[in-house]
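2 protein chains.
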Amino acid sequence: MPEEEFEVTPWDVEGNVDYHRLIEKFGTEKVDEELKNRIVENAGENHLYLKRDFIFSHRDMDKVLEDYEEGEDFFLYTGIGPSGKMHIGHIISFYITKWIQQQFDVNVYIQVTDDEKHWDRGMSFEEIEENAEHNIREIAAVGFDPDKTFIFRNREYMGNMYDAAVKIAGKINNSTAQSVFGFEGSTNIGMNFWPAIQCLPTFFEDKRCLIPAAIDQDPYWRIQRDIAEKFGHEKTAAIHSKFIPALTGPEGKMSSSKPKTAIMLDDSAEEIEEKVKKYAFSGGGDTLEEHRKEGADLSVDVSYLWLHSLLLEDDERMKEIAEKYSSGEMLTGEIKQVLIDELTEFLSEHQERKENADRLVEKMMYEGELAQRMWDKKITL
Amino acid sequence: MPEEEFEVTPWDVEGNVDYHRLIEKFGTEKVDEELKNRIVENAGENHLYLKRDFIFSHRDMDKVLEDYEEGEDFFLYTGIGPSGKMHIGHIISFYITKWIQQQFDVNVYIQVTDDEKHWDRGMSFEEIEENAEHNIREIAAVGFDPDKTFIFRNREYMGNMYDAAVKIAGKINNSTAQSVFGFEGSTNIGMNFWPAIQCLPTFFEDKRCLIPAAIDQDPYWRIQRDIAEKFGHEKTAAIHSKFIPALTGPEGKMSSSKPKTAIMLDDSAEEIEEKVKKYAFSGGGDTLEEHRKEGADLSVDVSYLWLHSLLLEDDERMKEIAEKYSSGEMLTGEIKQVLIDELTEFLSEHQERKENADRLVEKMMYEGELAQRMWDKKITL
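First to last, the protein sequences are chains A and B.
Just so we're aligned, residue 1 is where the first sequence starts under my numbering, counting upward by one.
Just so we're aligned, residue 382 is where the second sequence starts under my numbering, counting upward by one.
In isolation and in its complexed conformation, chain A is listed as follows (with noise of 0.2 Å):
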């Protein structure tokens, strides 16, 4: 595949992402100075994600905003695919997903799809299960509001939700599906089927829903945004996040299946050194003359990448890392030991959470104040 050319669907990214041309071809909007104040504003206080265009693309926040300001509550929506273990690309969204949460105080609803993967990829219930079990235990470690969120999992909540996949299968097409996904003749019907139940916790409250997720996902919202009105709900918002470079370097994402592209969220300290330090892909000189001399490349510097888009806060620090990187003076080494630390530090916090999330996996599922009503209530359109 030629540099320039990208292809972005849920199921695949590849190639180098422009993401310019993304907003222009998927038609959502740039996160530009003024919205991103504006939710600074709102929230209280700054993220990470947004001061480094980590989020860079949305659709409708501004009326999220506009709602909110005029007092005007919204909620979100996010979810996970149980396909395996979860790496650090897998976690981003939920990170946003609870800093929302928490400045806005809203409710958080996240899917758990244990049916689409076996639609997908014809995983066994068993894989799914053991995979969907694991996957909670990370997404409650984030430190949501456990009488705000509920996390289910679509087989066992369906009987609350089908009627509303009934009705919202009933407005989408086979040629919609086709030419939304890529959906063929040898597509299987229960993954045909599958846009309506991704589309349908946008419907699950009666305001304006707001997704967090990588741009990759965008192609459902389009489809929930063509019906949304026609069962007099508000279009969905969504704000869009980046590709994760893998670790071995920039071109697609980390995959759960390659060990050497991805820190895993139960990685070691140890595993974490060893593979930044093997793996990590550098854009710094081949030799030590070179890179003092030429300096790095920061645009396909993983270490850099990471610690700029997802890990350090610093933003003085981050500045001075930039330049004596891209100068030559500090060294592959000495960024990949700065990722190694921030990585650490964040994965071992997380992974105290997780330690004791029992409880929380249980209210966040069945007892907490939202899964209880949940639980108690019909979906309806």
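A hint or two may mislead.
[Claimed, not checked] Subject to a maximum C-alpha distance of 30 Å in a straight line, what follows is the list of computed DSSO-like cross-link-like pairs (lysine-lysine): (1) A:K258 with A:K171; (2) A:K378 with B:K758; (3) B:K466 with B:K611; (4) B:K552 with A:K85; (5) A:K230 with A:K207; (6) B:K705 with B:K658; (7) A:K278 with A:K85; (8) A:K336 with A:K277; (9) A:K378 with B:K466; (10) B:K759 with B:K444; (11) A:K171 with B:K639; (12) B:K705 with B:K623; (13) A:K171 with B:K466; (14) A:K377 with B:K758; (15) A:K30 with A:K242; (16) A:K30 with A:K230; (17) A:K253 with A:K25; (18) A:K230 with B:K466; (19) B:K611 with A:K85; (20) A:K51 with A:K235; (21) B:K552 with A:K171; (22) B:K406 with B:K444; (23) A:K85 with B:K759; (24) A:K324 with A:K278; (25) B:K623 with B:K639; (26) A:K377 with B:K759; (27) B:K616 with B:K588; (28) A:K258 with B:K552; (29) B:K552 with B:K641; (30) B:K611 with B:K634; (31) A:K378 with B:K759.
Calculated from the structure, these hints are not laboratory results.
Given chain A's structure and the hints, the job is docking chain B onto it.
For chain B alone, kept in the frame of chain A given last:
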């Protein structure tokens, strides 16, 4: 449409149906004398629909009997699409199903397709629910064993069967759905998913399923038979009935939305008399003189066809009517009177049972032995 052409799909029957060609086209088997005798032997008595060849085709009915003779049980499955009030054509499958239940002492599952009617016709849930309530009372009035019969509405029971729906849908692809049912780009993704749900009750028990239904539903069973063994289940068996000609003539089917064409299950004695006298298509001569000379054409005379296939048990009397009417000795007004009498008797008995159906509905849906077991159980595959 030229006389020799006909079209049979689950949504439409047009033209004069050639049942021999239908057996070839659908790849089913003829119910021959040997099979009929074997059914009668096991059942302990004969049934009108069998002896008059109204049940004309089957799949694996011989295997059902083989199992049964060896002490192995089976179960029955049929259903109703709640698109309106029921006419006499809609209740036929239920009467033969009840007879089989009674003679073989087996469980019956009755699916009320309140999801499909929304997808297929865009009917509102309110309208569907009203129809479903009426339809279920009609079905309960047929006389099923209330402890061995489970009537369920898909939208209500989906929580218990979604796991199985997910697995079945994963084994049917868009091409199959398209080629078997003619689904197109404009078909909504709900309808496209529907074959998975219609097949589902054939997996309710780990035994062979037998489906009594009109032949137009057979495409669904073909799909079930393609995938059943992948789940370690038997291919479903089926017995196929012919179509009942419309009151207005032997082309096509009765329709609840065209009152002239059908006798409704809640028609009064007066309505029956009026409709038969006014609309029942006659095969008799145009004038009394011509009739006395040429006699009636039994193959198109609706009174004769209904009496023969559905209503008149007495073989001697049936034979006498055939002879006298075809020779011109009996007049159209006279055979219409026989039909009026038989219909009135059949429907007044049915209506009387319907008056007292509340308790039966409750048992077959929720409180009977089988219903309770089904509500406590998750269908797995």
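Verification of the hints:
1. A:K258 with A:K171: violated, 39 Å
2. A:K378 with B:K758: holds, 20 Å
3. B:K466 with B:K611: With Cα atoms ~38 Å apart, K466 (chain B) and K611 (chain B) exceed 30 Å; violated.
4. B:K552 with A:K85: holds, 26 Å
5. A:K230 with A:K207: At roughly 15 Å apart (the allowed maximum being 30 Å), K207 (chain A) and K230 (chain A) satisfy the hint.
6. B:K705 with B:K658: holds, 20 Å
7. A:K278 with A:K85: Since the Cα atoms of K278 (chain A) and K85 (chain A) sit roughly 21 Å apart, the hinted pair holds (cutoff 30 Å).
8. A:K336 with A:K277: holds, 7 Å
9. A:K378 with B:K466: Satisfied, since the Cα-Cα distance of roughly 28 Å is no more than 30 Å.
10. B:K759 with B:K444: Holds, at about 28 Å.
11. A:K171 with B:K639: holds, 28 Å
12. B:K705 with B:K623: The given pair, whose Cα atoms are some 25 Å apart, holds under the 30 Å limit.
13. A:K171 with B:K466: At roughly 26 Å apart (the allowed maximum being 30 Å), K466 (chain B) and K171 (chain A) satisfy the hint.
14. A:K377 with B:K758: holds, 21 Å
15. A:K30 with A:K242: holds, 12 Å
16. A:K30 with A:K230: Measuring from Cα to Cα gives roughly 27 Å; hence the hint holds.
17. A:K253 with A:K25: holds, 20 Å
18. A:K230 with B:K466: Roughly 29 Å between the alpha carbons, so the hint for K230 (chain A) and K466 (chain B) holds.
19. B:K611 with A:K85: Cα-Cα ~29 Å, so holds.
20. A:K51 with A:K235: OK: K51 (chain A) and K235 (chain A) at ~26 Å, within 30 Å.
21. B:K552 with A:K171: The hint holds at about 24 Å.
22. B:K406 with B:K444: holds, 22 Å
23. A:K85 with B:K759: Holds. K85 (chain A) to K759 (chain B) sits at ~28 Å (cutoff 30 Å).
24. A:K324 with A:K278: holds, 22 Å
25. B:K623 with B:K639: holds, 20 Å
26. A:K377 with B:K759: holds, 20 Å
27. B:K616 with B:K588: holds, 10 Å
28. A:K258 with B:K552: Cα-Cα ~28 Å, so holds.
29. B:K552 with B:K641: violated, 43 Å
30. B:K611 with B:K634: violated, 36 Å
31. A:K378 with B:K759: holds, 19 Å
In the structure shown, a violation is registered for the earlier hints numbered 1, 3, 29 and 30, in ascending order.
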